[in-house]
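**Q** Sequence:
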Amino acid sequence: KDFLSNMEEAGILSDIVPMRMLSVEAAKEFDDEFFDLIFIDGGHDADSVSEDISAWLPKLKNDGFLLGHDIHMQGVVNGIVKALGEEVFKGVWYLYGSKIWSIEKHNLITRITVE
1 KDFLSNMEEA GILSDIVPMR MLSVEAAKEF DDEFFDLIFI DGGHDADSVS EDISAWLPKL
61 KNDGFLLGHD IHMQGVVNGI VKALGEEVFK GVWYLYGSKI WSIEKHNLIT RITVE
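With UniProt numbering applied, the sequence shown covers 1 to 115.
Note that these hints are calculated values from the structure, not bench results. Among the hints, a few may not be true.
Simulated crosslink set (DSBU-like; lysine-lysine; CA at most 30 Å straight-line) [as the list claims (entries may be wrong)]: (1) Lys59 <-> Lys28; (2) Lys59 <-> Lys105; (3) Lys99 <-> Lys28; (4) Lys105 <-> Lys82; (5) Lys59 <-> Lys82.
Simulated DEER-style distance windows between Cβ atoms [claimed, not checked]: (6) Gly85 <-> Glu33: 17 to 23 Å; (7) Glu9 <-> Asn78: 33 to 39 Å; (8) Glu87 <-> Ala10: 36 to 42 Å; (9) Ser14 <-> Glu87: 37 to 43 Å; (10) Asp47 <-> Asp15: 27 to 33 Å; (11) Ala10 <-> Glu86: 36 to 42 Å; (12) Leu4 <-> Lys82: 32 to 38 Å; (13) Ser23 <-> His106: 21 to 27 Å; (14) Leu13 <-> Glu86: 37 to 43 Å; (15) Pro18 <-> Asn62: 17 to 23 Å; (16) Ile12 <-> Pro58: 39 to 45 Å; (17) Ser14 <-> Gly85: 36 to 42 Å; (18) Asp31 <-> His72: 16 to 22 Å.
For every residue, glycine included, the Cβ atom is placed at its ideal position computed from N, Cα and C.
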């Protein structure tokens, strides 16, 4: 099945607006602090991950959560470090038994501001 068929079957097609463009370009379409939660699952090389985080983090509300997939891949880890610095891993939560990572933007802002 294709994406739209899956969304229709799930009963949420009217809530979806597909955007066929690069992730960093799509981020420009939204106001800053628009989202409560952003899930990143794009390229797995350090540059792609870093660019996605840099593009989408401003779109996240200050008490929002940034999540991503494939934390087991070194390129993803390197991209997180490239975008946010080594210290960010003190505030990253790993969802047990999965390949998903999460961080609260408020904690990230506090840590970057204080240190």
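**Q** Taking the numbered hints from earlier one at a time, note which ones the structure violates and give those numbers from smallest to largest.
**A** Violated hints (numbers, rising): 15, 16, 18; every other hint is consistent with the structure.
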